[in-house]
Amino acid sequence: MYHEVKNGNVLTVNHVKNILRREYPHADVQSILGVHSEYDEGRKAGATFYKKTGLGPLPQALFNGVPFSKEEMNAAELEAVILQRIIDASGFFQKAVFMGLLNDHINAVDFLMDQNNVVSHINPSILGAERRYLHFRSTSVPFDVQDFSTFSFLDSQDKSAVISDSMKYLTKKDEDALYAVTVWIIADFDKPSGRQLLSNALKHLKTSSHIRIGVLNNPSSKIKEDNTAIARGILTAFLTQSNKSLKSFLIKLTKEETAKSLAAGTKIVKILLPGMNDDAFEKKYNTLGLDIIKTHQMFCQEVLKLLPGQMAVVSNGRILGPLGENEFQTEDFDLLERITYSTSAEKIKAVVKEMGVNTKSGSDLIMKIDALLSSLPKTEMRQDAELLREQHSVVKIEPQENEPFYDVIAIVDPLTREAQKMAHLLIVLKDIVNVKLRLFLSCRSKLSEVPLTSFYRFVLEPEIMYGINKHLPSEPVAKFLELPESPLLTLNMITPESWLVEAVNSSCDLDNIHLQDIKGTVETEYELEYILLEGHCFDVSTGQPPRGLQFTLGTKNNPVMVDTIVMANLGYFQLKANPGAWTLRLRKGRSEDIYRVFS
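First residue of the sequence shown: 1, per UniProt numbering; consecutive thereafter.
What the hints contain is simulated information worked out from the structure, not anything from laboratory work. Take these hints with a grain of salt, some might be off.
[Said to hold, decoys possible] Below, in silico cross-link-like pairs of lysine-lysine (DSSO-like), each with a Cα-Cα straight-line distance of 27 Å or less:
#1 172 with 270
#2 206 with 294
#3 206 with 360
#4 479 with 396
#5 52 with 17
#6 172 with 224
#7 172 with 430
#8 270 with 260
#9 519 with 436
#10 252 with 283
#11 203 with 172
#12 222 with 203
#13 51 with 255
#14 556 with 588
#15 360 with 421
Quick caveat, the model's predicted, so the values are computed rather than measured.
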């Protein structure tokens, strides 16, 4: 078919019809290519699938469901990319077979689709690595969200706390429960795009038991009563109606025929539904005022950094926006909930549930903890320590009651140098913070010799210690008490490699300490004389160490305080320094004339 198209021309419907008539003269072209053709179902299904997946601009290609990036779709790179993906997939399947997760009786495609990282919809704003979070902080004085003048003087964290504490929520059912995912819908609900965003969220709510929905109005124009009728109706319904009535009324308010009716002059009380508390709604609607909408607008602009009328979605403190018109569909809310719930909210909910916190404050606590933890830089993955028994060989220290605490589990072989270090670290940690400590002693079952041949003290204090005059901090001290007197002992320090430490004052020979022959105590004073500045360098043109290169180390006022020459065979150099701000330079002369430092 494509061979019929000349270079530079475009394939058209007429080309397709001509080919069909020539190859299949008895076929009815209209029944094959017409609007109601049975062959059109595949095209419609493909278009529907493409729309639901959110794959983005065409063309698209997927390997085992994973889309290729725009760079990978380059013709010059595609073959190598596919080959690498085949290699990666082969290793994944081999491991699955070895672990017994995949066999001849399991469909490989179904196995792939059941993986935790597989989603039914793709949205870069949800799955992307760049994320913004709200910072919640409890305020010492409660503020009324309708007190706009006071709200305007609060900082961003206090504004977030006030909005969070005053927020009302819609849930799937009327029951009190802990909800792991809290979603705020931010839009101008007197505009079609804002109502559509809320409508999409309400559609998703019908299928979810983990989510609760709150709303914030972000007007696109100057706030007046005649251009905020729907927004005030939504807020009034949240404040006065039961969950079931609220849900039905919001669905009605998001319909365009309702908006047109209100714009034509229909009073909002005329569209109330049976079962609603009409009196409470009418009274609150007439007295609500505009300050609460002004408060919402200020929060959207100053905290969420949105322009007037822009839309956004906040999920457990994570800000997604600004959003374009029709950018966030029902499938996007489903994806957002799945990602939020599976990555963090599910585990936080389990912990909060064990604490016995009531439902409203418990759901708020889940939202705030999730926002706090998710906003922190990613570190090594945490794992729960599943301990089979705690009856023997364990030291337990309980935390202070009614206080937050760190759960610390330490497992050591007590007859090792590591255990000597850890013992003092745990003591200091206990003095600094409130901890629940469990120390497990994992001993070797058989010993052929004594594993420890030395005494050890780790010099670390929980806080700065002051001397007798209370003005200057005292020197760190290590004390050895009740040592055996008969063995011949040696005293030394284990310090970082770059530290040059020497004994400057001692009451005896530190290499030959025989306590039986010494009266009183052995006292020794050590001093950190220098900190070594070490490095390597090489000539970028040859890749070899530079010969005869010299460095100097100094300050702005005294550029040359110490100097050194680079070792010709290794490119290694070393300079003696002390704590402070220093400048490393090439020595003036041949070194500075021939070389310059790149990094």
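We went through each hint and held it up to the structure:
1. A C-alpha spacing of about 26 Å is found between residue 172 and residue 270, which places the hinted pair at or below 27 Å, so the restraint holds.
2. A distance of roughly 31 Å separates the Cα atoms of residue 206 and residue 294; the hinted pair therefore is violated under the 27 Å criterion.
3. Distance restraint check for residue 206 and residue 360: the Cα-Cα separation of roughly 20 Å lies within the 27 Å cut-off, and the hinted pair is therefore satisfied.
4. The suggested pairing of residue 479 with residue 396 holds, with an alpha-carbon distance near 26 Å, which does not exceed 27 Å.
5. Restraint check for residue 52 and residue 17: the C-alpha separation of about 31 Å exceeds 27 Å, so the hint is violated.
6. The hinted pair formed by residue 172 and residue 224 fails the criterion: a straight-line CA distance of about 32 Å is larger than 27 Å.
7. Pair hint residue 172 plus residue 430 does not hold up; C-alpha atoms about 45 Å apart against a cutoff of 27 Å.
8. As the CA atoms of residue 270 and residue 260 are separated by approximately 14 Å, the hinted pair is consistent with the 27 Å bound.
9. Of the supplied pair hints, the one linking residue 519 and residue 436 is violated, its CA atoms being roughly 43 Å apart against a limit of 27 Å.
10. Note on residue 252 and residue 283: the hinted pairing holds, with a Cα-Cα distance of about 20 Å set against a maximum of 27 Å.
11. Among the hinted pairs, residue 203 with residue 172 is consistent with the structure: their alpha-carbon atoms are about 10 Å apart, no more than 27 Å.
12. Restraint check: the Cα-Cα separation between residue 222 and residue 203 comes to about 30 Å, which exceeds 27 Å; the hinted pair is violated.
13. Straight-line distance between C-alpha atoms of residue 51 and residue 255 comes to about 23 Å, which keeps the hinted pair within the 27 Å bound.
14. With a CA separation close to 15 Å, the supplied pair residue 556 and residue 588 stays within the 27 Å bound.
15. Straight-line distance between C-alpha atoms of residue 360 and residue 421 comes to about 45 Å, which puts the hinted pair past the 27 Å bound.
In summary, the numbered hints that this structure violates are 2, 5, 6, 7, 9, 12, 15.
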